[in-house]
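A.B. asks: Listed here are the chains, written in short residue letters.
Number of protein chains: 2
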Amino acid sequence: MPHPVSPLAVPLPELAPIKGMRLAVGEAGIRYKGRPDVLFAECVPGTIVAGAFTRNRCPGAPVDWCRHVLRMPGGPGGVRALVVNAGNANVFTGRAGREACARTAAAAAKLLGCRAQEVLLASTGVIGQTLPDEKITAILPELHKAAREDHWGSAAKAIMTTDTFPKGASRTARIGGKSVRITGIAKGSGMIAPDMATMLCFVATDAQVPPQLLDRMLKAAVVGSFNCTTVDSDTSTSDTVLLFATGQAAHPRVTLQGRDMLDDFGRALNEVLMDLALGVVRDGEGAQKLIRIDVSGARSADSAKRVALAIANSPLVKTAIAGEDANWGRVVMAIGKSGEAVNRDRVSVAMGGVWMARDGTVVDGYDEAPVVKHIKGREVHVEVGLGGGRGTATVYTCDLTHGYIDINGSYRS
Amino acid sequence: MPHPVSPLAVPLPELAPIKGMRLAVGEAGIRYKGRPDVLFAECVPGTIVAGAFTRNRCPGAPVDWCRHVLRMPGGPGGVRALVVNAGNANVFTGRAGREACARTAAAAAKLLGCRAQEVLLASTGVIGQTLPDEKITAILPELHKAAREDHWGSAAKAIMTTDTFPKGASRTARIGGKSVRITGIAKGSGMIAPDMATMLCFVATDAQVPPQLLDRMLKAAVVGSFNCTTVDSDTSTSDTVLLFATGQAAHPRVTLQGRDMLDDFGRALNEVLMDLALGVVRDGEGAQKLIRIDVSGARSADSAKRVALAIANSPLVKTAIAGEDANWGRVVMAIGKSGEAVNRDRVSVAMGGVWMARDGTVVDGYDEAPVVKHIKGREVHVEVGLGGGRGTATVYTCDLTHGYIDINGSYRS
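Protein chains in written order, with this note's numbering: chain A, 1 to 413; chain B, 1001 to 1413.
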């Protein structure tokens, strides 16, 4: 049963085609009926890829597969295809799951005349059920024929599970005076895990980027986007971010020495991933409010981030905001439980720009009216000052509502 | 507005008086009207005390006060009184809060003819509001007169906030062939923090225990009880456990060398704290089910505990159990997100004694009927085998329900 569209939804923007990357979607009927559930993408020879994966210690078979391929000699090497399915995560499936991966990759490789190791895989859906890979491989030939560069919008929809709206983003950037494109899609309605709320994110660019730099730039962009968002602190067994660079754009060659040429590309890549990460938070299960948490005055940026995440993951903070209660005392509690060495008597808290507590005590007679108005809106801003250094961090999350309990308490039934 | 009594509630047992500890409760009207909200306890001279406190880095003023007193030269020294209030936590109150503590302790000390440092304090309730200590000190003289050794039951009720039932436990133990008593009370409906769900626990015994041993035994008992329970992972700014030993029982003297004499006392102390800790979980905000999680096969006991707590604190696991869904995939996810180095392909999961996943894959054709029946009950048992060592741990928690959102999303209104 589909859930109502999140009130925080944003429309899918125009997604620019990427030269050298053709996509197609199809219905394999893995779990869902009457909607696409498989995405196939074909890349031109010479495409390179970088990846970032879940830190969960019980990863799915497709995560193992991608990690293995990306670790092969030569680092993030050439890749020719991507096969993604929704409805079954192929997690905790033992040997049968590994074999399903190998067969799927082999079938795609055969179509393209490449090696299986040049095919990347991702799955999202129920845990612990053997993946019916024959349903996927049966439709690969037709997907191969149907693949086109302008299919990003339908791709964004095909990878949805409990998502209530598709997520995509496009940017252009300049490299050596020439224009390049970046387009990405994501799914996920929570940082959350089984059965079906894994985060998957696929981004492509026509830029030519040395593999080492591509890898480094992707990881930095993930740290600054997905790693600054949280829905419920649970970590999926299948989270996967892949960045494909087809190298089809006509810009001057970038060398390791000339990496400054990629500054604008890096800016655009960060923006694409941030758009996608915020899309996932906006589709947080049951989310009614987008919450931005800014922490300053920490010993370091890492310390600031740990404090911000402690606030963002606190069920008490999230339920208070769901109840439109500007309960700064719970923010103080969450700061204290972060484990960071904060000086309580320098801690300050604001909501909606109004400082309600300063230097370890309540601000007598602060104006509550603008705070009340602010917290009734769709976007809530929490600011924390720790008064102990120059470290800052920003984290996004959503509120914790009855909708979350509804979705997750009756998911499989 | 009072919440309905938890379906997991247990009746308050008979609480044995402890010779040398007299208690009284009264109505100071700090926040609640028409019910007791202050507990006063007077101890005979020579009473010693041990304490354990929240790890939250933004602790309340009474926690600072108790820590200071307990750290004074000579370690956990003599104590003559305890003053507790519900309705205002005296947290994040700066200098005004420190002064309120000093005045309250001074008033109690004056009544008893002792020093202020011989008075311990605890507060639970709203954060960030100055404690009206004059309301407390105004009724101390009448409480001092009314104090009796058999008032433990009313004491358990006076310290309640969002609790839906009072918690208490009594045990007897043998020291050197003589009988001693231990009685304790606790409040808390969640490990959770502001506004009012702090955990407070006060235990007394008539045994004579050397201060160093009392301190060590209390800390071990806390690790094996309160630290093995969790409601929502949030940590109060005021959590306080105090153990008073009046030394009024007539048993042979215990020396540091003769600590074996305390084995049975230690067993009884652990049981009292475990009863109280389970009472807090049973009163977890919105709890409908008590969940026991047993982890075995870990590298160490600490590792097993981290895995068990990751499961116990996972919103996805807790909502699945609330929905009576035996979703072992979410347990696998939580094991993986614990950060512990587990071998996925050795992981096994059971609910209600039925192993549904073994050695990294689903058990084909396991009997689902007894699992479905089990998860519909009030007590749910999750077992995890990691296949990697001899470390074991047991943790208790409760499910995450609409009741939690109701209570915490509309608390202050």
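What the hints contain is simulated information worked out from the structure, not anything from laboratory work.
Warning: the hint list may mix true and false statements.
What the hints assert, rightly or not - Partial list, derived from the structure: chain B residues whose beta carbon lies under 10 Å from chain A:
# : residue
1 : T1054
2 : R1055
3 : T1235
4 : T1319
5 : W1328
6 : V1354
Stated by the list, open to error - Taking beta-carbon pairs under 8 Å as the criterion, some of the chain B residues facing chain A (in silico):
#  : residue
7  : F1092
8  : V1126
9  : G1128
10 : G1329
11 : G1336
12 : V1342
13 : A1357
14 : G1360
15 : T1361
Said to hold, decoys possible - Over 12 Å on every C-beta distance to chain B, these chain A residues come out as not near it, computed from the model:
#  : residue
16 : G26
17 : V44
18 : A146
19 : P210
20 : L213
21 : S238
22 : I335
23 : G353
24 : G389
The C-beta atom is built at its ideal place from N, Cα and C for all residues, glycine as well.
A.B. asks: Taking the hints in turn, state whether each one holds.
C.D. replies: Cross-check of the supplied hints:
1. T1054: 8 Å, holds
2. R1055: The hint holds - B/R1055 has a Cβ within 10 Å of chain A, the shortest such distance being about 8 Å.
3. T1235: 4 Å, holds
4. T1319: 4 Å, holds
5. W1328: 7 Å, holds
6. V1354: 14 Å, violated
7. F1092: 5 Å, holds
8. V1126: Holds: closest Cβ of chain A sits about 7 Å from B/V1126, inside 8 Å.
9. G1128: B/G1128 check passes; min Cβ-Cβ to chain A is 5 Å, inside 8 Å.
10. G1329: Hint holds; B/G1329 Cβ to chain A Cβ min 3 Å, cut 8 Å.
11. G1336: Because about 3 Å separates B/G1336 from the closest Cβ in chain A, which is inside the 8 Å limit, the hint holds.
12. V1342: 5 Å, holds
13. A1357: Because about 6 Å separates B/A1357 from the closest Cβ in chain A, which is inside the 8 Å limit, the hint holds.
14. G1360: The hint holds - B/G1360 has a Cβ within 8 Å of chain A, the shortest such distance being about 5 Å.
15. T1361: 3 Å, holds
16. G26: Its Cβ never comes within 12 Å of chain B, the nearest being 26 Å, so this holds.
17. V44: 35 Å, holds
18. A146: Holds: least Cβ distance 33 Å, greater than 12 Å.
19. P210: 33 Å, holds
20. L213: Since the minimum Cβ distance to chain B is about 30 Å, A/L213 lies beyond 12 Å and the statement holds.
21. S238: Incorrect as stated: the minimum Cβ-Cβ distance to chain B is 10 Å, not above 12 Å.
22. I335: Nearest chain B Cβ is 6 Å from A/I335, so the label is violated.
23. G353: 19 Å, holds
24. G389: 15 Å, holds
When each numbered hint is compared with the structure, violations occur for hints 6, 21 and 22.
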